[in-house]
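Please arrange chain D on chain H, whose structure you already have, making use of the hints.
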Amino acid sequence: MTRRALSQPSLVLLVAVALAAVAFSLARPSFLSAGNAFNIAEQTAVISLVAFGMTAVILTRGIDLSVGSSLALASVVGGQVMHATGGSAAATIAAVFGTALLVGALNGLLVAVFGVNAFMATLGTYALAGGAAVSISRGASTNVGNDAVLWLGRADVAGVPVSTVLTVVVLAAFYVLTRRTVLGRWWYAAGGNRTAAVASGIPVRWATFVAYLTSGLTVGLGALVTIGRLSSIQPLAGQGLEFSAITAAVIGGTSLAGGRGDVVATFLGSVFVGVISAGLSFLGVSQAMIYVLTGVFVVVAVLVSQREVFAALGERYATARAVLANRLGRLRRPGRGARRGAAVAGSEDQRVHRLEVEGVSKMFPGVVALEAVGFSIESGEVVALMGENGAGKSTLVKILSGNYRPSAGGILLDGTPVRHSGPEDARRAGIAVIHQHFTLVPDLTVAENMFIGEELRWWPFGPLRRRLMRSLTRDLLRELDVPVSPRARVGALTVGQRQMIEIAKAIHERAWLVIMDEPTSALSARERDRLYEFVDRLRRRGTAILYISHKLEEIYHLASRAVVLRDGQVVGRPSLAEVAPGQLVSMMVGRRIENLFPYVAADVGEDRLSVSGLSDGGLLKDVTLTVREGEVVGFVGLMGSGRTELMRCVVGLSPVVAGTVRVMGRKGGGLSLAELAGLGVAYVPEDRLADGIFPDLSVAENMGILWIRQASGAGLLQVRRERERVDELISDLAVRPPDPRRQIRFLSGGNQQKVVLGKWLALRPKLFLLDDPTRGVDVGAKAEIHDLIAGLKSAGAAVLLTSSEMPEVLSVADRVVVMRHGVSVAEYPRGVSEEQVMRDAFGERAAAPAPGEAAVARHTEGGGDG
Amino acid sequence: MAELTGRAEPAPPPWSYAVRDLVVRFAPQLLLVVLVVALLLVEPSTLRPGNIVNVLVAAAPIATLALGAMWVFIGGGLDLSAGYGVAMCALVLGANLQGGTPLGVAVGQAVLAGMLLGLTNGVLVGVVGMPAFIATLATMVCVQGVTLVLGGVGTVIIDNAVLTLIGTGELGGVPTPILYALGVAVLVWVLLRSSAFGLRTYALGSNREAAVTRGVPAVRQDVLVYVFSGLMTAVTAILLVARVQIVDPKIAGLNLLLDAFAAAILGGTSLFGGRGSVFGTVTGALIISLITTSLVTLGVGAQNVQLLKGAMIVVAVVVDALVRALERQQPASVEA
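If you read the sequences in order, they're chains H and D.
Each residue of the first sequence is one higher than the one before, starting from 1 at the first, in my numbering.
Each residue of the second sequence is one higher than the one before, starting from 1 at the first, in my numbering.
These are computed hints drawn from the structure, not numbers from a lab.
Take these hints with a grain of salt, some might be off.
According to the in silico footprint, chain D covers these stretches of chain H (three or more CB under 8 angstroms from chain D) [said to hold, decoys possible]:
# : segment
1 : 135 to 149
2 : 281 to 288
3 : 295 to 305
4 : 744 to 753
We treat Cβ as the ideally placed atom computed from N, Cα and C, and that holds for glycine.
Okay, chain H solo, but in the shape it has when bound (with noise of 0.2 angstroms):
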């Protein structure tokens, strides 16, 4: 395997206990002796199996509170069955099992399949499970005189007790089914990234109901040892240790948040607990004394063993900082707090601002984003911002909203020069920009989200003024024509609504400039002409908007004059009475470098993929395409015109509710994604991080995640196998650094990509979906990829392939497909223009003023390189 053989929380505490050993052994030396050892082991046992199997539950992400109380019930049907049967054996531990495993599977059931919050599920099971071992015992304990039963908890081998025979045997299987398993694989994958898991064929759902069962086995043997230990059966037994056993689990680094944890360092952590209570009471320490010191080295421990303590430390302390000098700087420029609050909506300033970009750049290491950009925006206009994707209006965005420094240049506030080191300062500034995420508080109302953080009370740290806040977001809201009550929870809002309340609230701070990222990506139709409409309301009341958009339609609609932005310059400053769409395009497009993704031609065989009419019922409306061995098939649409929607029904990620999917000349629609892998499909999602990589699992364990299901056996890892597989693949997908053992979140987009593509390849599929693979890659690792992808046809598979960068599918596919709103709407052999593309795209005929002038466009740029 991968890792190495102890984790650093299991080194830290070893140290730790071997330290307390000594200094125990120090103050009194029978504290070495091989009895007490053993009676430290016993005291732990329990503790120890039952934190196991809490390790694999906390690895899937979740939480069992019912050990305890699941024990306690076990013990007391055992007992009762015990007396039924007449002291069998077989049967009183078949119960005790049973018992137990029902609970886990009542936990498993509540979590894994109706998705209830594990703490509140267990927190449930742990209220039943213990009212009904009360209830059947009716509070009585029993005493056991059946040795068998006994056995577990009681006998010793050769001096050694069982239980920590027990204790070690468990561990090892532990170590194995983690380790060594693919189901121990797939608790990782499901804790450490659930849509990654589910993007990668991993029944998650089953593996997360297996770990509640898993956790249930452990409970069982639990109550065996514990009715071995005390010779009764006591209802109230196991009071307390979900607490332990979750302690052992964090002590030993196994993180709540899930997919990281290991059982040896677990096992670890429930002895240093152990350790140091049976050390303290054999110091003589009272018992209150353990309970706090525990409380104290439970702290310790976990700052000590938690990575992700130690850096939400080293955030914490610089959000102080810049709180700080936040502060400090609000000092230095006094006025503020007397401009907010009362003065809603600017009502009083209705100066008329400029701002002046001069001569902007922005470095990175390796890329010139930025490179002399100028241009100007005034209040009361509306200027449109554009340019494909990678062209730079993103770093401008950045740039003007304080989230960068340009590298050279300027920004001039009515012709004084302004240097924001901050959000906060663009923000004084008056320059908001509407995010599409939202910086909205869902479960506050309108009226609460306009004044959150700058709150109107009656007098310093005084009660909220409430009525006050809300007529002025009613004023405001009048104001400005938005039809939301201020009283409304933002929650319930569409979000058209909400981006009103954002852009209200935005006007609220006396913002003057207004700057909107693709605001009506997300929008339906009706809430589309609303936001014109208020656009066109804020731009007469003097508010001035910097609108991004790549839908000409509404820019000719909305915008006076354009700034287009092309690979980090500004080609052009058209006012739009003046330019023709066609023009526009061509401005945006410009000519390229057609060769830096080579072109190979390989011959052509059977469909391979084809689909017909499918719709998922959403943004999905209707597709046709097909995709044949030996051929790349360019996928190209704007954002949101269903790209990445096709690729997840194809896939099996979301419903098939109208149309036919054919996979290899079989019918797809209904299987799942690992059946998909199964017949041969790849699969390689948009978003990287959030569906592509298990961030804290190494790049072998990332590679084989899809292939140790094929390639496993009886569900155990063929370690070796998998090790040469991983090898070969990192020297051909030239991975860097080749380091198998290093995770994954330390590698390079591109080196992270590669490793995802990896994954697939290694299942040698024959389709290949792959949603954008070079996205945020750079120039080197995204013509490796490319070359991947050539040697991939040239071998036979049939690949679909969109890219957020035109020109780079078009170079390197046989077809395109064009997508808009949903619907596949043309089909281009190899050689199309970018510009017709475009068009057809963005759906041009219906917002061309003159048809004549988008003909003569085509003509200007086309032909592409042939």
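Using the frame of chain H, we list chain D on its own:
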């Protein structure tokens, strides 16, 4: 064009949404009504005035502790130490009174103990950044130890006129514990509605990132939330001491905490933060108390009360998940 590309907006009968809205909004109260009706059908005598008073009195400490738990839940956290925290505060109060300290000072010390516990939790979660579960689990274990130390003096019998009035007296025919809890609930409601502290607690629990972007001081807020929870443990401890008048380490613990959690969750408080109301939580406390009390009056043995309560909690958890699923289907449109 616009007609073709616009997303379909189906319009089912508005009344069905209105009903659903009411169910989602008043789910805890509906549950209480259903429970009362069921009890009336099974055994009307369980709802005699005397029994109702018992239910209300038993609900009082659950409600006060649940209001603290609710506040922490709304802020997106969790306080496991509150149960034993009540015992600790009660012991501080008891030990002081036994030592002859005046009531005011003794109560002050109990409140101080509770807030100190809260401060510790707040620092661990807010400043150090530990997960709330682990931090409060660790302090819970510590507090358990502290209660043993404080309980070392043995059981304390309280004899204080004011506490006797709070615990067992009546004002205008209404038992004072009910008035006490009611008063606390009103204060918490006012604080939640009318203070920036309350509003910001909702904001942080609902969308932490957005709230921080808007300038809500997250660390200070986190610390305050746990201090408030500590205050509520002390408030609960005072009521409990007044009622039972015998103080030992067993006066409160995990069971009371679980009752409080269940009350808060049944009352519609979200474990993920951002949601919860005083009205709902008090209703939740009434439900828990009604179940416990009426099961005893129905002749269910003390042992089975726990079982049925556990079953109720499981049912409530599933119902809660269903209500949330219902809510997600709601039409997203609220206009003035």
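Annotated coverage of the segment 295 to 305 of chain H by chain D, confirmed only when three residues or more have a Cβ within 8 angstroms = holds (count 6)
Closer than 8 angstroms, Cβ to Cβ, for at least three residues: run that test on the segment 744 to 753 of chain H against chain D and report holds or violated.
-> violated (count 0)
Mind checking, does the segment 135 to 149 of chain H have 3 or more residues with a CB under 8 angstroms from chain D?
-> That given contact holds, which follows from 4 residues of the segment 135 to 149 of chain H lying within Cβ reach (below 8 angstroms) of chain D.
Assertion that chain D covers the segment 281 to 288 of chain H - criterion: three or more residues, beta-carbon distance below 8 angstroms | holds (count 3)
Going through the hint list in order, the structure does not satisfy hint 4, though it satisfies all others.
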